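Chemist: Sequence:
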Amino acid sequence: MPSGNSNRNSGDPHELQDLLIDSRNSSGRFQVAKVGDNEADAGDKENNGSVPAGDTVLSAQQQYNTYVYDTRYAKSLGQLTREALPRAENYRDLQSVHAHRPTLDELHEAVFHEKTEAKVEDEPQKKGKVIKFGWLEGVFMRCLLNIWGVMLFLRLSWVIGQAGVGEGVAVICLSNVVTLVTTLSMSAVSTNGQIKGGGIYYMISRSLGPEFGGAIGLMFTLANSIAVSMYIVGFCESLQDLLRPFGAIIVDGATNDIRVVGVITLIAILILAIVGMDWVTRTQMVLLFVLIASQFDFVIGSIIGPVDDEEIAKGFVGYNYETFSINLHADYRHFEGVDHDFFSVFSVFFPAVTGIVAGANLSGDLKDPSKAIPIGTLLAIAVTFLSYFGYAFMLGACTLRDASGNVTEYHLALNESLPDPWVYLKNCTDRTCSFGLENDSQAMELVSSWGPLIYGGCFAATLSSAIASLVGAPRVLQALAKDKLYPLIGFFGEGYGANNDPVRGYVLVFIISLGCILIAQLNAIAPLLSNFFLAAYALINFSVFHASISKSPGWRPAFRYYNAWVSLIGTLLCIAVMFLMSWWTALITLVVVVTLYLYVSYRKPEVNWGSSTQAQSFNTALKSVQELNQVEEHVKNYRPQILVLTGIPSSRPPLVDFANLITKKLSLLICGHIIKGCHSQGVHNAITRKTYRWLRRHRVRAFYAIAEGGEDGKLETGARALMTLVGLGKLRPNMLLMGFKGDWRTCDKEEVLQYFNIIHYALDRYLAVGILRVQDGLDYSNIIEDEEVIPISSIEKKDAEEKLRRNQSAGQLSQDGTSSEGSSPPSSPKAERGGNICGDPSAGENNHRAESSHISVSFRKKKREGRARKTSSANIYFGPGGAALSKDVLNNITIFQRRQGKGTIDVWWLYDDGGLTLLIPYILTTRSQFAGSKLRIFSLANKKNELERDQRNMAALLSKFRIDYSDVIVLPDITKKAKEETKKEFEALIEPFRIKGADIDESQEGMVIKDSELLALKEKTNRHMRLRELLLEHSTDANFIVMTLPMPRKGTVSAPLYMAWLETLTRGMPPFLILRGNQTSVLTFYS
3 MPSGNSNRNS GDPHELQDLL IDSRNSSGRF QVAKVGDNEA DAGDKENNGS
53 VPAGDTVLSA QQQYNTYVYD TRYAKSLGQL TREALPRAEN YRDLQSVHAH
103 RPTLDELHEA VFHEKTEAKV EDEPQKKGKV IKFGWLEGVF MRCLLNIWGV
153 MLFLRLSWVI GQAGVGEGVA VICLSNVVTL VTTLSMSAVS TNGQIKGGGI
203 YYMISRSLGP EFGGAIGLMF TLANSIAVSM YIVGFCESLQ DLLRPFGAII
253 VDGATNDIRV VGVITLIAIL ILAIVGMDWV TRTQMVLLFV LIASQFDFVI
303 GSIIGPVDDE EIAKGFVGYN YETFSINLHA DYRHFEGVDH DFFSVFSVFF
353 PAVTGIVAGA NLSGDLKDPS KAIPIGTLLA IAVTFLSYFG YAFMLGACTL
403 RDASGNVTEY HLALNESLPD PWVYLKNCTD RTCSFGLEND SQAMELVSSW
453 GPLIYGGCFA ATLSSAIASL VGAPRVLQAL AKDKLYPLIG FFGEGYGANN
503 DPVRGYVLVF IISLGCILIA QLNAIAPLLS NFFLAAYALI NFSVFHASIS
553 KSPGWRPAFR YYNAWVSLIG TLLCIAVMFL MSWWTALITL VVVVTLYLYV
603 SYRKPEVNWG SSTQAQSFNT ALKSVQELNQ VEEHVKNYRP QILVLTGIPS
653 SRPPLVDFAN LITKKLSLLI CGHIIKGCHS QGVHNAITRK TYRWLRRHRV
703 RAFYAIAEGG EDGKLETGAR ALMTLVGLGK LRPNMLLMGF KGDWRTCDKE
753 EVLQYFNIIH YALDRYLAVG ILRVQDGLDY SNIIEDEEVI PISSIEKKDA
803 EEKLRRNQSA GQLSQDGTSS EGSSPPSSPK AERGGNICGD PSAGENNHRA
853 ESSHISVSFR KKKREGRARK TSSANIYFGP GGAALSKDVL NNITIFQRRQ
903 GKGTIDVWWL YDDGGLTLLI PYILTTRSQF AGSKLRIFSL ANKKNELERD
953 QRNMAALLSK FRIDYSDVIV LPDITKKAKE ETKKEFEALI EPFRIKGADI
1003 DESQEGMVIK DSELLALKEK TNRHMRLREL LLEHSTDANF IVMTLPMPRK
1053 GTVSAPLYMA WLETLTRGMP PFLILRGNQT SVLTFYS
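Following the numbering used here, the numbering of the sequence shown begins with 3 at its first residue and continues without gaps.
There could be a bad hint or two in this list.
Using C-beta positions, here's what the derived DEER-type ranges look like [as the list claims (entries may be wrong)]:
#1 301 <-> 88: 54 to 64 angstroms
#2 777 <-> 666: 56 to 66 angstroms
#3 301 <-> 138: 22 to 32 angstroms
#4 370 <-> 582: 55 to 65 angstroms
#5 246 <-> 138: 36 to 46 angstroms
#6 667 <-> 335: 33 to 43 angstroms
In short, the hints are calculated from the structure, not lab data.
All figures in this text were calculated on a predicted structure; none of them were measured in a lab.
Yeah, the Cβ is synthetic: ideal placement off N, Cα and C, and Gly gets one too.
Make the full structure from the sequences, and use the hints.
Modeler: What follows is the structure, given as structure tokens:
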């Protein structure tokens, strides 16, 4: 019932006037006066006089000095109109039913419905302080810690030694180009609306869809889990190097020591993560300070120069132009079994800059991810690029490429006063040198002013990366688990505490990392992890390119500094780098991505995220349809495009199955449903969703269209609308398929006439016409029960379709991926409004559909739908109350799903209709259900003495058409008089419709059979009776029969007589299709 201001919103045309009257009868006025008390008293006396209460009379002075606000005009706009102003609340929660926004029928029809807020189950308030980070500590700091990794201290000097300063700087620049382009793309994605937890997985899945997102999400989680162990092992190895000169040994000074220290470190990091992100951030800040201090230590040491001859002997000679000029050029060598070149060195260095998503992975913990991710990541790239760039020049200018470490050689050169005092040190032609850029991974420690601080930088880099990976991977897994793209991972979607920390994910990552640490040999899979990251970066770039070229109106990123083609170049660069780093790991990565993509695609998760893939599908379909309009039709490309009058398809499965046999995903199939009376658009949408779910469940590729018979409820009216309007461009039906009206003798004569007129109208529209008859009938609406049936009448009476009445967009229904809106037909509007189409809100209450006494809408459970994919078609039909159907009934329902035994399809090609009567049976033989059936062709002889010639001509024609057949039978005696028994059967059929005499009421025209009509069509009627006799003689054992449909000539034959002809031909026969083409060729023997 209406509540609140429902009386005002009841549709009264004097709504505003009533509101003003109500306000007048309520409280008085609110006045602000600038006059004295005496003047106010005078005003009160005047009011107590002749002026009625509630009116205002102002004196001349008061007109200038007093502001009077009458509460009648202080009403808010919301009290004066039903319209709602734009509010953020109506767009923030995409799944809610917005109580503040009126529905279309409330505005258009002046019908007020009680607004009920969406019922959301109250989640228990989690204790603790919610911690959200800004761009500085949430993104910038974490990216710095990951990009300034262990590669800075252990591999940068080697890169400069191999590639020289020139090409080394080129390696750094190229690496940063890849990450910069990826960051620009990531910034565009992250600013195209609010993003939630899940980081890179969330971005890719919402941009490219669940298939790519699910693949990357799982790979990213696994890669980060293994990366935790790699960083910890790196930390342990650095610690070993530091302690080795002191002889510190725990177990064996080798692998077992790494395992012991690694496990202890991993446990400490796990405890830190579980304690909370606040402590994680504090710890990373400390590590960042150590990391920065170690770099300052390196810069200061390079400026101070070598402090003793031993440092010079090891290659640190201070800034020197000659050293820089030598180190400027490349000197690629054989190292660790590889003959290095530019790209191999690039592949070694590139993993150093792959930490750009460290901040994005914590998107759920950021105050404003749309601002924090672009600012923090871009600044981190800029700072780290400048540092790597500068350190490359510093190392190249102050350190020799090779040095022996022999102080005596240095002293010898000094004593000889050689121009180059390091000539002996760097001569490693016949010996192996252990120092210098090429040979010593601790070159930065040598240059620094205090070596141990460089080790501190290494420790900070490895530990911070391990912490970032252990904290980030569970959050990606948590988002993936919540979306339920994979089975058995939903357990990890649960969060704990005020910050929704993924503790279960922490434990899983801990277990994976623990196993890898115990293995302690991870160098072999290091390239694979880098490839996993690169695959994610490639998809981020591709998602921006794809979203941009799809031109979706929903693609409106606030970050403007991106370009679709630059993103495409970034995609190609990432793929190229994958293969440059390791071609075999790149192939493995691609195989994993494709496998996971296909798996998610096969599972068909019930999600609808508005991805660019969906937008591009629309563009592609639209472009294809438009291009199809430019293609001239040709007989060789003819396809039967069928409009089949099924009603609700679930009521007539055999008819849908037969039509699907003909089109079989290769041609257009439209299921037409004609409803009597008028129903709301919400009812139309509900039936449409139910139908598409049924079609998808039964693997039928078809469209669905509803037409209303109008107030008079005529089937003919709806059928005309369907035949006229259904289709788009060249994608329009060229054939009408109907079920045979088996009750034509007992139903109302008006219905027979409408059925007959539908055939006429189809022929007027140049459509082929097919009528299918199965002896056990096609309508199983009273036998098959849908699940969770909800009669539409109850929906309309109780206003239970309130959800259907809301203005819900596709996105509003599918934020969490659980909406069934994805089953809506392509291009159909998904706004569900309750406005009644024919203007009478109650008109649909007492109406029923053309085929049955009521309409029902069923909503299946997802579990049932998933199970149905694995069961046979027969197992998804149930009787009333879920009772099992008998075997005979199931066989009848699935007659066109089951494989037919060996036999024949008898084709009675009586008249040349363009060849459709022959083409449809041929198509049936190409389907597995009729693969064992051979075509047997029956035709009529023109003259009895030309029998053999007609048979040869037909065989030659079939041969030219390249259609295999088992036999050709020419019938010579079609004009022979029918038997008396056949005549009596026919007379019994038409007896209820016969009218004696010539005069009949005009209202009965076409619904009765006159004697004059029988006389005029005597020969034609005899031919049909003779055909009946021949059918009984030849085709009673056929698997299927196809016969040319008798032409219902206008103004010549009445509806009951025509139906009697069809009854005579088809009664008691195997499945029978009476078919008539539109007299246009659909077969040709030319190539």
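Chemist: Each hint: holds or not?
Modeler: The hints, checked one at a time:
1. Distance hint check: the CB atoms of residue 301 and residue 88 are about 55 angstroms apart, consistent with the given range 54 to 64 angstroms.
2. Roughly 25 angstroms separates the CB atoms of residue 777 and residue 666, a value that falls outside the hinted 56 to 66 angstroms.
3. One distance hint, 22 to 32 angstroms for the beta-carbon pair residue 301 and residue 138, holds here, with the actual separation near 23 angstroms.
4. A hinted range of 55 to 65 angstroms for the beta carbons of residue 370 and residue 582 is inconsistent with their spacing of about 37 angstroms.
5. As the Cβ distance of residue 246 to residue 138 is approximately 38 angstroms, the hint placing it in 36 to 46 angstroms holds.
6. At roughly 60 angstroms, the beta carbons of residue 667 and residue 335 sit outside the given window of 33 to 43 angstroms.
Hints 2, 4, 6, counting from the list given before, are not met by this structure.
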